[in-house]
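Q: Residues per chain, in single letters:
2 protein chains.
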Amino acid sequence: MQNFTFYNPTQIEFGKAKEQEIGKHLHVNGVKKVLLTYGSDRIKKDGLFDTVVASLKAEGIAFVEFGGIQSNPLLSKVYEGVALAKKEEVDGLLAVGGGSVLDSTKAIAAGALYEGDVWDFFIGKAAPSVALPIFDIITLAATGSEMNMGGVVTNEATKEKFAIQSPLLYPKVSIINPKLQMSVSKEYLVYSASDIIAHSIEGYFTASVQPKIISRQVEAVIKTVIETTEKLLENPNDYEARGEFAWAATCALNGTTYVGTSGFSYPNHMIEHVLSALYDVPHGAGLSVVMPAWMKWYKSKNKAQFERFAKEIFGLDSADEGIKALESWFNKIGTPTKLSQFDLDKSNFEEIIKVGLGNATYFGVGSIYTQKVFEEILTNAL
Amino acid sequence: MQNFTFYNPTQIEFGKAKEQEIGKHLHVNGVKKVLLTYGSDRIKKDGLFDTVVASLKAEGIAFVEFGGIQSNPLLSKVYEGVALAKKEEVDGLLAVGGGSVLDSTKAIAAGALYEGDVWDFFIGKAAPSVALPIFDIITLAATGSEMNMGGVVTNEATKEKFAIQSPLLYPKVSIINPKLQMSVSKEYLVYSASDIIAHSIEGYFTASVQPKIISRQVEAVIKTVIETTEKLLENPNDYEARGEFAWAATCALNGTTYVGTSGFSYPNHMIEHVLSALYDVPHGAGLSVVMPAWMKWYKSKNKAQFERFAKEIFGLDSADEGIKALESWFNKIGTPTKLSQFDLDKSNFEEIIKVGLGNATYFGVGSIYTQKVFEEILTNAL
Numbered sequence: 011m012q013n014f015t016f017y018n019p020t021q022i023e024f025g026k027a028k029e030q031e032i033g034k035h036l037h038v039n040g041v042k043k044v045l046l047t048y049g050s051d052r053i054k055k056d057g058l059f060d061t062v063v064a065s066l067k068a069e070g071i072a073f074v075e076f077g078g079i080q081s082n083p084l085l086s087k088v089y090e091g092v093a094l095a096k097k098e099e100v101d102g103l104l105a106v107g108g109g110s111v112l113d114s115t116k117a118i119a120a121g122a123l124y125e126g127d128v129w130d131f132f133i134g135k136a137a138p139s140v141a142l143p144i145f146d147i148i149t150l151a152a153t154g155s156e157m158n159m160g161g162v163v164t165n166e167a168t169k170e171k172f173a174i175q176s177p178l179l180y181p182k183v184s185i186i187n188p189k190l191q192m193s194v195s196k197e198y199l200v201y202s203a204s205d206i207i208a209h210s211i212e213g214y215f216t217a218s219v220q221p222k223i224i225s226r227q228v229e230a231v232i233k234t235v236i237e238t239t240e241k242l243l244e245n246p247n248d249y250e251a252r253g254e255f256a257w258a259a260t261c262a263l264n265g266t267t268y269v270g271t272s273g274f275s276y277p278n279h280m281i282e283h284v285l286s287a288l289y290d291v292p293h294g295a296g297l298s299v300v301m302p303a304w305m306k307w308y309k310s311k312n313k314a315q316f317e318r319f320a321k322e323i324f325g326l327d328s329a330d331e332g333i334k335a336l337e338s339w340f341n342k343i344g345t346p347t348k349l350s351q352f353d354l355d356k357s358n359f360e361e362i363i364k365v366g367l368g369n370a371t372y373f374g375v376g377s378i379y380t381q382k383v384f385e386e387i388l389t390n391a392l
Numbered sequence: 011m012q013n014f015t016f017y018n019p020t021q022i023e024f025g026k027a028k029e030q031e032i033g034k035h036l037h038v039n040g041v042k043k044v045l046l047t048y049g050s051d052r053i054k055k056d057g058l059f060d061t062v063v064a065s066l067k068a069e070g071i072a073f074v075e076f077g078g079i080q081s082n083p084l085l086s087k088v089y090e091g092v093a094l095a096k097k098e099e100v101d102g103l104l105a106v107g108g109g110s111v112l113d114s115t116k117a118i119a120a121g122a123l124y125e126g127d128v129w130d131f132f133i134g135k136a137a138p139s140v141a142l143p144i145f146d147i148i149t150l151a152a153t154g155s156e157m158n159m160g161g162v163v164t165n166e167a168t169k170e171k172f173a174i175q176s177p178l179l180y181p182k183v184s185i186i187n188p189k190l191q192m193s194v195s196k197e198y199l200v201y202s203a204s205d206i207i208a209h210s211i212e213g214y215f216t217a218s219v220q221p222k223i224i225s226r227q228v229e230a231v232i233k234t235v236i237e238t239t240e241k242l243l244e245n246p247n248d249y250e251a252r253g254e255f256a257w258a259a260t261c262a263l264n265g266t267t268y269v270g271t272s273g274f275s276y277p278n279h280m281i282e283h284v285l286s287a288l289y290d291v292p293h294g295a296g297l298s299v300v301m302p303a304w305m306k307w308y309k310s311k312n313k314a315q316f317e318r319f320a321k322e323i324f325g326l327d328s329a330d331e332g333i334k335a336l337e338s339w340f341n342k343i344g345t346p347t348k349l350s351q352f353d354l355d356k357s358n359f360e361e362i363i364k365v366g367l368g369n370a371t372y373f374g375v376g377s378i379y380t381q382k383v384f385e386e387i388l389t390n391a392l
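So the protein sequences, as listed, match chains A and B. This note's numbering runs 10 ahead of the 1-based position in the first sequence. This note's numbering runs 10 ahead of the 1-based position in the second sequence.
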């Protein structure tokens, strides 16, 4: 095992009715005035907004609304949030929504106490030295943002989909109530499944050192995602399945499945971020296209682990069969596996690769992901 | 899944040479004078003590030594430590040793800032409202104490082996260097394997609600323990195996394998604590005697999970075969499976059961673990 530091101080409050306690958690943490961030007006229609407001009022916590954050969240919106947080002098942030809302909120938390351009944190020009405390009620299980220190935002001017990371950005308290996730559409459920599997396999396949205990823990997550996705497609209101799915999402990216590994990279995310940034495809949908294509290209570089994957996840004997089984499963649940499903073809390669090469440099894998490699992987996705 | 709160703020520093940084971690956390707790003089002979002292001196941190803490640690020794911590007005504690040293140190951390009797915290008469910060360098992988908020101490006057628990007792920083654990005897290695498996199976078998993702994560731990114990018996200096074994120990009791479960109890620990308290048998050795005996009695109460255990861990088809396989494996690695190996027989039942019934009440399972049940389980261990 490689040397590592593991530190994850986020308090998870998981279960039914937990959102009603959000005011108490803010109060315990000394927050007096909060920026309440969210996406669409769905939370107003389904009553969650009212529940949150009642909980804040019960504790005498003031709030300022900041809605309209979209999927594949944009830097321009983060700038707006930073300006509002500064103007209103909030002392905390409460995200109510999915990964995009929370990721944007993390950027606002760091930007609100920074004189310069918050994008500096994404391009490594500066690191946050202080941030407002972050709280969240997560309504979509996918990104794991509720228990990690990162956030991803797209700079629409440059088409860069980059990440901010800092231990200051671990949420103080994250509320995961599986009931609140029952209204997620089947479409977004399967995209989320794809996203969680992507978080699981990046390190699993690319790490130069991969402890077996970590492989086993990753497999626990993937098996759970496969099993519970199928249950939820049958019955979206299956609380147990919804709960296990949500917790699998958290475990996939809270650090526990990456400790002791080394030399890993995030090639599937690196490639998918191009698709999201250029064509605004849903992140999970892009990932289920990229993964099988990438795996077909990468398999010979870590054959034993691909064989292990085939065996442990699908009970199959070869690397090829394992990849094929995953692709078939994506098809079965209804998440895309081909570029054509986004109306993309060979004529898009040039622009994809142009942004992709920049991403590869940003992800620290520029020497591996050359023009030729991009072409091969994209061809696998035709 | 049951509602749960998960919060574990311990910073883990895992890997080679990490112990050299202990002074820095104390400094960052504002500690100026530390009580340095340990067990035998082994750490002085093997150079670890000198390394620690050099690291403290480099940061200008004063220290007071408190050695001689034994396995199955005693309340009298904790009292001594509390008195010394008060007298010397230390502002932090550094445990260098195994679970017994760290558990005692947790009790001292709470007792040092308490006017009353520290045993109050063990019997539920009081709860810690404040505690000194705890740091540790863990030299034996077994108890998981390095990443949890509990500690177990024996009151030699009453023969009670009870626990203290408080979120204030999470270590601030725990250092796990697998190299420092290479000198552990084969005897204590196999007792530790037994202890880790016991931590894993208590919830796994007894929980009334057991999410499958948690079962899978528990199985990841158990499989890793079995595999790495065998490797370490062959070659105690196998760094990878030592590392995975150590991390499995941490994962087994850091809360991650208990979230979302409900209604679980710790019957194997409850019974074993009697053996340790009465006869001073090593905790892990006692557990490998208790577990198969308890499993034979309990199996019909959760048949599906026992069948799952047999299948997932040993590739076998029935509950009975799984239990037998675990017992055989304990025999193979050389940890006891029968009371006779401690020179105990039926004539000891009366005194065991007398203390055991008290423990059952303390563990909240008094209505289940009656005289008759104890007799049946103990008979299985003859």
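Just so you know, not all the hints are guaranteed correct.
Dumping the calculated DSSO-like pairs for lysine-lysine here, alpha-carbon to alpha-carbon at most 30 Å [as the list claims (entries may be wrong)]:
no.: 1; chain 1: B; residue 1: Lys-356; chain 2: A; residue 2: Lys-241
no.: 2; chain 1: B; residue 1: Lys-169; chain 2: B; residue 2: Lys-135
no.: 3; chain 1: B; residue 1: Lys-356; chain 2: B; residue 2: Lys-313
no.: 4; chain 1: A; residue 1: Lys-309; chain 2: B; residue 2: Lys-233
no.: 5; chain 1: A; residue 1: Lys-182; chain 2: B; residue 2: Lys-34
no.: 6; chain 1: A; residue 1: Lys-135; chain 2: A; residue 2: Lys-189
no.: 7; chain 1: B; residue 1: Lys-26; chain 2: B; residue 2: Lys-43
no.: 8; chain 1: A; residue 1: Lys-55; chain 2: A; residue 2: Lys-233
no.: 9; chain 1: A; residue 1: Lys-222; chain 2: B; residue 2: Lys-42
no.: 10; chain 1: A; residue 1: Lys-241; chain 2: B; residue 2: Lys-348
no.: 11; chain 1: B; residue 1: Lys-26; chain 2: A; residue 2: Lys-342
no.: 12; chain 1: B; residue 1: Lys-43; chain 2: A; residue 2: Lys-313
no.: 13; chain 1: B; residue 1: Lys-309; chain 2: A; residue 2: Lys-241
No lab work stands behind these hints: they were computed from the structure.
Q: All the hints need checking, so say for each whether the structure fits it.
A: Taking the hints in turn, this is what the structure says about them:
Proposed proximity of Lys-356/B and Lys-241/A is contradicted: the alpha carbons are some 51 Å apart, above 30 Å. For the hint linking Lys-169/B to Lys-135/B, the alpha-carbon distance of about 18 Å falls within 30 Å, and the restraint holds. For the hint pairing Lys-356/B with Lys-313/B, the CA-to-CA distance comes to about 29 Å; that is within 30 Å, so the pair holds. Proximity of Lys-309/A to Lys-233/B is assessed by CA-CA distance (about 26 Å); at most 30 Å being required, the pair is judged to hold.
Distance hint between Lys-182/A and Lys-34/B is fulfilled; the C-alpha atoms sit about 25 Å from each other, no more than 30 Å. Distance hint between Lys-135/A and Lys-189/A is unfulfilled; the C-alpha atoms sit about 41 Å from each other, more than 30 Å. For the given pair, Lys-26/B sits about 26 Å from Lys-43/B by alpha-carbon distance, which is consistent with the 30 Å threshold. Only pairs whose Cα atoms come within 30 Å are accepted, and Lys-55/A paired with Lys-233/A is rejected, the gap being roughly 34 Å.
For the hint pairing Lys-222/A with Lys-42/B, the CA-to-CA distance comes to about 40 Å; that exceeds 30 Å, so the pair is violated. For a cut-off of 30 Å, the pair hint linking Lys-241/A to Lys-348/B is broken: about 44 Å separates their Cα positions. Proposed proximity of Lys-26/B and Lys-342/A is contradicted: the alpha carbons are some 46 Å apart, above 30 Å. For the given pair, Lys-43/B sits about 53 Å from Lys-313/A by alpha-carbon distance, which is inconsistent with the 30 Å threshold.
A hinted pair counts as satisfied when its Cα atoms are at most 30 Å apart, and Lys-309/B with Lys-241/A qualifies at roughly 29 Å.
Violation of the numbered hints given earlier is confined to hints 1, 6, 8, 9, 10, 11 and 12; the remaining hints are satisfied by the structure.
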